[in-house]
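With chain A held as given, fit chain B onto it using these hints.
Take a look at the letters that make up each chain.
Protein chains: 2
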Amino acid sequence: MSLFLASFVLLCAWLLYPLCCSAQMESDTTPPGTCGPRQFLDTEMFQCSQCGEPLVKSPDGMRCICASRRNVTDHAAECSACSSWQSTSLWETTFLDGSFLACNNSCNLTACELLTNAVILNAFSLETRAYDLYAKAKSQNLPKLFYSNTGLPSLSFGTTSKLNFKLVKYDAGGNFLGWEDVTGGTLQLCTDRQKALDAAYSFGTSYQQSCTVQVSNLLRRVPEPIFYEMFLQFSNAEGTWLWPVPVVNPQVQLNSPASLKSHRLRRFFLVDGLSGRQGNLSNQPVSVTLAAGLLLSVDLPTSSPGDQPAFLLTVKYAKQDRTAATQVSFAVSYTWNPGTSQRDTDIALAALGSVAALYAMLKTSSWVRRSRLQNTGFIILVKFFAFLAGALGNAFFMVTLGTGIYWLIVFKGQQSSAVEIMVPPAGSQIENNFIVYLSCAFALKALDLLHLIITQLTISIFLIDWEKPKEKAVFKSTAGGQKATSSVSVWRTFLVANEWNEMQTCRKSNPSLQLFAVLLLLEVVGLKNIASRDLNLDLHPATDAYLAAWSPILRFGIAASLWLAVGIAQVVFFVGLYERFGEDKIHQFVDLCSVSNVSVFILTHRCYGFYIHGRSVHGHADVGMDAMHACLQKEEENLCPRRGLEANSDIQTFEVLLTDRVRQLYDKITQPLMEGPRGERIGVNLHEQRLRSYYTLNRFLSSFLEHAYRDMDYNVKDKSFLERIMDMEFQEPLDVSVLFTDASASFSRTLFYSNELTLLLFDTLLFSVVDLGTQDFVLAAVITFAVQKLVKMLRHELGRRNLAAKTLVDKQFLI
Amino acid sequence: MSLFLASFVLLCAWLLYPLCCSAQMESDTTPPGTCGPRQFLDTEMFQCSQCGEPLVKSPDGMRCICASRRNVTDHAAECSACSSWQSTSLWETTFLDGSFLACNNSCNLTACELLTNAVILNAFSLETRAYDLYAKAKSQNLPKLFYSNTGLPSLSFGTTSKLNFKLVKYDAGGNFLGWEDVTGGTLQLCTDRQKALDAAYSFGTSYQQSCTVQVSNLLRRVPEPIFYEMFLQFSNAEGTWLWPVPVVNPQVQLNSPASLKSHRLRRFFLVDGLSGRQGNLSNQPVSVTLAAGLLLSVDLPTSSPGDQPAFLLTVKYAKQDRTAATQVSFAVSYTWNPGTSQRDTDIALAALGSVAALYAMLKTSSWVRRSRLQNTGFIILVKFFAFLAGALGNAFFMVTLGTGIYWLIVFKGQQSSAVEIMVPPAGSQIENNFIVYLSCAFALKALDLLHLIITQLTISIFLIDWEKPKEKAVFKSTAGGQKATSSVSVWRTFLVANEWNEMQTCRKSNPSLQLFAVLLLLEVVGLKNIASRDLNLDLHPATDAYLAAWSPILRFGIAASLWLAVGIAQVVFFVGLYERFGEDKIHQFVDLCSVSNVSVFILTHRCYGFYIHGRSVHGHADVGMDAMHACLQKEEENLCPRRGLEANSDIQTFEVLLTDRVRQLYDKITQPLMEGPRGERIGVNLHEQRLRSYYTLNRFLSSFLEHAYRDMDYNVKDKSFLERIMDMEFQEPLDVSVLFTDASASFSRTLFYSNELTLLLFDTLLFSVVDLGTQDFVLAAVITFAVQKLVKMLRHELGRRNLAAKTLVDKQFLI
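Keeping their order, the protein sequence lines are chains A and B.
Mapping of the first sequence onto my numbering: position 406 corresponds to residue 406, and the numbering continues sequentially without gaps.
Mapping of the second sequence onto my numbering: position 70 corresponds to residue 70, and the numbering continues sequentially without gaps.
Bound conformation, chain A alone (with noise of 0.2 Å):
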């Protein structure tokens, strides 16, 4: 008896509850959209019907109900029979089966709602008391326990569109509560500033939130628990509609029979401190069940929805004590399917992979011919290995930046037009398989690089003296011998080694430069801003807005165009307007070699180099400043022969290709100079060996130049344009060696200064790849300069010793 009373004035207290506390949660008790004050709204045939006549409209407005006798003394009774499964609570045992027997025999509408959260606060299985009370229980005004048609019609959103849902709340006693607005917090249980709870509801922006809560503060925010069923509300030419939005809970499929598990709830609720609650119903709970984990998953387009629902809200509950912090999280992911995508991209891939591998066989027989090898063999797949390495680099860094720039298009662009399509949600194919071509990328462009290095760390570089001997005949020097050359200052062929050795890495970009334009523009502008997973375009967000996570194909696509645009933005500039206008080192070294009376001679394969034409005009340049001077004076007044090697031509380049005689004689001259560095005892005799094969060299060379060989003469040609294009040589090796004319200066290919292409990529590349690892484009800055310096000193060093070696120029001198 004390029991039923206490159970009474209980009961008197839910159902007042509502009445003293509307005021407090203003919420609104008439339903949204254009339903008259009859009508009640369907919501799966999107109209506004009148119930007939014996029934009434229920106060959310959504069905039709018999019109209510609040018996409310029925609820207490007990009824043992009526179920096998055991109550598990004690707000189950005081409530459940009067609620049962209430909305069965009567229009009892309350009871019914009871009934039903009874079923939805028994989280982890409908196998329960409850489920079985609510599947016996027969009434109209049974509220139904599943959506059966989840189908949402045509929708599309903008950029700036809001999520517009509405909730409809009861409390744990069955009672309506009214309409509530989802606003920032309404279902997000960690606090955070206004605007960061409510951008989970601008439409795109992929939400994530977690925080650790104590589970005391959580039930003093929500004492008892509140059910809601949720709503999109959207409108179209009709009127203003709702939609409801599905819950699934995963836990209670797993546990329940195999036909609930694709049916999807229609409540759910937050924070449950009434289940726990032990001996007295106005104690305080000793477990909690909270809906630890919220996800919001949005299905694109929604324009046409497909078999899953466009909305859909998983509930993840978790069971903690009172006392406990808990981790709680609340999340809107957006899943779109990616149709072709994925498809094309192996497509492209496939296809400049093909290019690729094709254009690094043609470098291969073009490095063959060049080097006019006869045992072909182990060191000709390495080589083409190596061609491909930079090929296939160039393919996987065209893809990757294509989807890069496509993603950042096709996700950033929905400005104007409805949002239909996602970025790739984190840990999915598309992105995981990007981040593998990035990294292949990376790593072949580096193999790219080091093959470019040790390329140019074993050139074969010689320094042509022109000058005769001022005091002996001319026709004495090939007689003279050592002797007889020595008067010869060797201080300009010091002056060119010099120079040559501070061409090496000079680039036609700054990296430095480069790199804090990239920063000023990620950073401070804040172009980074752009690769967050919204549809915001703001580049300076406020300090209180919600920041979504970094797509890592976004954050490559900005990246990686900003640091190529710079790229090109300083290459142009530096070629354009630098060296047309300011200095240009290559002309100024062609300069040098010219009036120093000093060739440059370089093989780069075995029988293919340069040549730098430096005969002075003058016909000497070992003079003094007066002289020196005058000649200078006489070039600027146009008063002397042309410079070029040919008469009348100005073109001091060129290409050489070789005849394997030539080359068989060269290595036999300069075999004591290849040996010079490797020797470990360097003795006197060395030394003069090394100093005759030098000037055997030189005369070797400039009586070659000079045709003063029949047998090993050559000619002068102009390479085709096919030639120039695809940097090969068509032509049948022949008995005669060719110099082909090269106005564009080719040898600083063996230079830093032509592969601007590959250093920019493996920059780009690797400021990537680390802003990729460490989500930090300083970082990334830093590490990018520290590689770039560490190469940079690596083949300075390195070529200085080669040319040291080459060319006899004491490294004393190469500073």
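If you are wondering where the hints come from, they were derived from the structure by calculation, not from laboratory data.
Just so you know, these numbers come straight off a predicted model, no measurement behind them.
A hint or two may mislead.
A pair holds if it fits inside one copy or across any two, identical chains being indistinguishable in the list.
Claimed, not checked - Result set (SDA-like, lysine to any residue): computed pairs, CA atoms no more than 20 Å apart in a straight line:
| hint | residue 1 | residue 2 |
| --- | --- | --- |
| 1 | K634 | H687 |
| 2 | K789 | R507 |
| 3 | K792 | E502 |
| 4 | K162 | Q214 |
| 5 | K789 | F573 |
| 6 | K195 | A324 |
| 7 | K169 | S58 |
| 8 | K585 | I815 |
Chain B alone, transformed into the frame defined by chain A:
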């Protein structure tokens, strides 16, 4: 009668409210502290006492009251004669007079509390009916409105101390609602993450939070006003006590009688939705009074509190429409008596300033002696101010750096001890002075750099070629004239000039490396987080943590000290390791001079300069490859005389102090050289004249150095230690020039190389000043980089022109 009934019902609701909602609030009804159940806590004496017999302890446990006799019907009486003031709101009309009568005539506690609350609700004035009635009421139970004693016992807080505030709460009806801990969100009307809210109460954190909220949202959160009294809980040897935090309402003090201005209020409220209700007390209010600005000021040190209360809450109320959005803020600020720190700074500045002036005078006098100018005047004043700018810049820099590091240490160093010192608040005198000093330092240093560059760009430099013509005999050289010397090749001079040109902007530290290293430390390692106005030393604060505002002083302290540390580390590494074991540009250059048989003669002042002795030990250097190798080998094997100017000396670098006579001759010879670049019509004649003066100067200087002129001889001396330290020459001007041996290669002072300190300080200051203006280290780095590049390019290009003009080496060889 109906009004009476309505009042009664409402009052019932009032009185029931705390009972039904106590579970929801989870407030503690027992006061904190160590007092027994029958004792009350005396917050003025910090002791537990028992109430005298007729009296009992009040519900909040802080005082004694007469036993309550709840006669609620009394409340609704009217008493128009009680006061001449009018009621200001419906709520006052309904309850005020009744509560006055009930309080005055009986032991009714709630009535007295209600009366007090009514006074507080009139937030903008004390000239109200409520205060009038409060002043007239006589009851043991009437709570006090003001605090009289606001002294606090000595307390000390550590870095990790939380400010442990307690609130006692009353509702508008005067009911005691219980005790509550002040945690994040209790007093803060802006929502935020829990951690960020809680940060307000961690000791030493300057806290500032503001946002715009909808008044309707606040009303939903606090539908009825709650009245708070705030206490600080602390423990000492005798137990746990409460110390009242007085409340200041600046608006009420302005409008109120003078006698009340100095008083501190006890109570405050956050949101008042009650006074604004019109027509019916259950209506929604038309206007809402809310605490728009809460400022908790803490006066340090708390261990020895001064006259003003150590903790003070300032509440600024504002009246708003219910539908409006309003700005609300919550701040915790720490004030601290800076004591003598400003005076100390002034003293340091005065002392350093005097030293700077003295130093500038010394430098000027040295400059005058070195210039040997007769007509002193304006130019000396300019020089003095230039030197003063440099020295004063250093003084200002030292003071600002000292200030920055001082505050870093004394403020952030309070990790284990009690916190007694706070960093100067924003806008304080110390901070403003600091910013002025920093700007002065930067401006002066920029002037200093300008002076340095101008000085370096106007030096006289000449390359002396010692080479003797091979064919003609030595004795003919003075007679042979122009034609005789021209058989000596000029290329050695070209190479030396080329190297000098390259060395011009060579520094002891790499500026880009410097920038990236500092960025790495500040942004990636996270040292910038030390500059926040809290006691946190966490380098990587969690994303949801509160970030206190930056202090410019701390920011400069950390940035400048990091910059200097990295710079010094670079210089130490460069000078100590790289130059010793790697490459030493300066000594390589001296070496090159020696090998190439070319000396460098530099005049920085009129009669003072440097000399690098480069005369080849082999007598001639204009030789071929074979001879050069032989020479180098000889030197390696120590078979040569020493390289020094004097016999048996290795010293090749000297400071030069010329006599006036030598300088005059020098000027006479170089006149055509000086005129060259300035003259507009450079005819062939002028060219020849310049060449002639070049050869003459070469002959003159080499003869001078060979002691050829009796009347213009020189001595070689060592500088005394003091002379070396002070960079001056003490001796009187004699008739003989002096060459001071200088093993430390002081000639690099005419390059950037030996001016690293000036450049480093300029960079530091530029970086800091930009950061001060933009609060962005990345932007500061970018701008510093750009300015560095610009300065370097300017110095290099203009230096190259000067070199070309002075040495007659064509610019095309200076690449």
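Q. Can you give the numbers of the hints that this structure goes against, from lowest to highest?
A. none
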